[in-house]
Amino acid sequence: MSISSPERTKTPAPAGVFALVITGAPYSSQAPQTALHFARAALAANKRIDRIFLYGDGVYLASSLNVPPSDELNLSEAWAGFLTDNNIPGIACIASALRRGLVNESEMQRYELSASNLRAPFEIAGLGEWVDSTASESRVLYFHKGS
Amino acid sequence: MSTLIIIDQPPYGSWEGREALDMAFSLAAFDQPVSLLFCGAGVNWLRKGQDAAKVQQKSVERNLAAAPIFGVEALLADGNACHQYGLAETDLPDHVSITDFGPELTGHFDHVAFAG
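First to last, the sequence lines map onto chains A and B.
Mapping of the first sequence onto numbering that gives the first Met the number 0: position 117 corresponds to residue 116, and the numbering continues sequentially without gaps.
Mapping of the second sequence onto numbering that gives the first Met the number 0: position 11 corresponds to residue 10, and the numbering continues sequentially without gaps.
If you are wondering where the hints come from, they were derived from the structure by calculation, not from laboratory data.
Please read these numbers as outputs of a predicted model, since none were measured by experiment.
Treat the hints loosely; a few may be bogus.
Stated by the list, open to error - Which stretches of chain B does chain A cover? Using the computed rule of at least three CB atoms under 8 Å from a CB of chain A, they are:
no., stretch
1, 16 to 29
2, 103 to 114
As the list claims (entries may be wrong) - So the derived label-pair ranges between C-beta atoms look like this:
no., chain 1, residue 1, chain 2, residue 2, range
3, B, 30, A, 67, 40 to 48 Å
4, A, 122, B, 93, 19 to 27 Å
5, B, 90, A, 108, 47 to 55 Å
6, B, 103, A, 84, 23 to 31 Å
7, B, 68, A, 72, 25 to 33 Å
8, B, 58, A, 67, 23 to 31 Å
9, A, 40, B, 70, 31 to 39 Å
10, A, 113, B, 99, 33 to 41 Å
11, A, 115, B, 79, 21 to 29 Å
12, A, 85, B, 13, 26 to 34 Å
Unchecked claim - Some chain A residues near chain B, calculated using beta-carbon distances under 10 Å:
no., residue
13, 22
14, 41
15, 43
16, 44
17, 56
18, 95
19, 98
20, 125
21, 135
22, 143
23, 144
Where is the CB? At the ideal position from N, CA and C, for every residue including glycine.
Pulled out of the complex, with its shape left as it was, chain B reads as follows:
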């Protein structure tokens, strides 16, 4: 059963994205195939050089860096959302691939879940 977890919420505005990331890490910990897709304002998770110290939170950039270590198979970013938020492919972390978010993508997964 392959799962796609979709994070469509910006970082720091709520805990929904972080809790979606926990879901992805749990699946990976139980050896279940899982990938993450960032779309909408959620692509802001992928910005480099985040400093969340002033809101006394851990940087989501650091949380996300652990994804390949946990065994998350793919980190995907919706191309349209990246364009909308001014993120070029070269702005994204090395392990992130740009894709088109739509039924063709979600159809590759048995199970699709949104962050909230």
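The shape of chain A in the complex, shown without the other chains:
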């Protein structure tokens, strides 16, 4: 007897478009890596990803200062490469980012800080980007830190 999962009979994203929200930080949660595996699988299945939205501790993924040991996966680098290669916007929520010390050039100047650390191609923007995904046909998936 074969068991079919709901995903096999009905696509979980009717329009074939996903938006991913990552709220778990790299190295203290599995969220960014699981999200990356999902994103690669989605594109391989000819689905589309309209944007990646980093929220809460997820913004640490967009730091250019992460330096894991050379025999460990650099999750920020892996995500940045994936976004660039596939021309997918990666947005870090500005309120979450500023709280946690993640700034781009313009925020560095605005707050007269000594450095910026946002890794390209990530951008900083407001929650309106996430609202845009929820109001669209995209299926929004959340990658939390877990309990």
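We have chain A already, so just place chain B on it with the hints.
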């Protein structure tokens, strides 16, 4: 597209609940229908008379009082969690309704998101 934001984290222990509240307020600001549900330890958000001055934070009770003003459609509390944490209906703010958290409730929304 109606959205239910679920806060299942206690107040003051992390920023996840506050950031979930920001999500709800953003949806409302963009005229998107949104409701909030408190379940698990998250029902402690609904206690009256909170004083967060000693942890140098803003009271979540005051943050939450702004929800109807922002246009959040409903504030819901899971009845089982309220019972577990010793909160009677009369203990809750006026604009909060007790409900049962389950698929029947979440099925009314197009989009459901947890705080973290």
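Results of checking the hints against the structure:
Interface restraint, the stretch 16 to 29 of chain B with chain A: holds (6 residues with C-beta to C-beta distance below 8 Å; minimum three). As drawn, the stretch 103 to 114 of chain B meets chain A at 3 residues by the rule of a beta-carbon pair under 8 Å; at three or more, the given contact holds. Range check, residue 30 (chain B) to residue 67 (chain A): Cβ separation about 43 Å, and the 40 to 48 Å hint holds. About 41 Å separates the C-beta atoms of residue 122 (chain A) and residue 93 (chain B), a value inconsistent with the hinted range of 19 to 27 Å.
For the pair residue 90 (chain B) and residue 108 (chain A), the beta carbons lie near 48 Å from each other, so the given range of 47 to 55 Å is met. Checked against the hint of 23 to 31 Å, the pair residue 103 (chain B) and residue 84 (chain A) fails, with Cβ atoms roughly 43 Å apart. Between residue 68 (chain B) and residue 72 (chain A) the beta carbon distance is about 45 Å. The supplied range of 25 to 33 Å is therefore violated. Checking the proposed 23 to 31 Å range against residue 58 (chain B) and residue 67 (chain A) shows it is violated: the Cβ atoms sit about 39 Å from each other.
For residue 40 (chain A) paired with residue 70 (chain B), a C-beta distance near 37 Å keeps the hint of 31 to 39 Å intact. Taking 33 to 41 Å as the suggested C-beta distance range, the pair residue 113 (chain A) and residue 99 (chain B) does not conform, at roughly 52 Å. Between residue 115 (chain A) and residue 79 (chain B) the beta carbons are some 47 Å apart, a value that contradicts the proposed interval 21 to 29 Å. The hinted range of 26 to 34 Å is satisfied by residue 85 (chain A) and residue 13 (chain B), whose Cβ atoms lie roughly 32 Å apart.
A cut of 10 Å between beta carbons decides the hint on residue 22 (chain A): the least distance to chain B is about 5 Å, and the hint holds. The beta carbon of residue 41 (chain A) comes no nearer than 18 Å to any beta carbon in chain B, farther than 10 Å, and the hint placing it at the interface is violated. About 25 Å separates the beta-carbon of residue 43 (chain A) from the nearest beta-carbon of chain B, more than 10 Å, and the hint is not met. A distance limit of 10 Å between C-beta atoms decides the matter here; for residue 44 (chain A) the minimum to chain B is near 22 Å, and the interface restraint is violated.
Look at residue 56 (chain A): its Cβ gets to within about 8 Å of chain B, closer than 10 Å, so that hint holds up. Using the Cβ-Cβ criterion of 10 Å, the hint placing residue 95 (chain A) at the interface with chain B is satisfied: the shortest such distance is roughly 7 Å. A least Cβ separation of about 7 Å between residue 98 (chain A) and chain B falls short of the 10 Å threshold, and the interface hint therefore holds. The beta carbon of residue 125 (chain A) is positioned within 10 Å of a beta carbon in chain B (closest approach about 8 Å), and the interface hint is therefore held.
The beta carbon of residue 135 (chain A) is positioned within 10 Å of a beta carbon in chain B (closest approach about 8 Å), and the interface hint is therefore held. At about 5 Å, the closest approach between the beta carbon of residue 143 (chain A) and any beta carbon in chain B falls short of 10 Å, and the interface hint on this residue holds. Annotation: interface hint on residue 144 (chain A) holds; nearest CB of chain B at approximately 7 Å, less than 10 Å.
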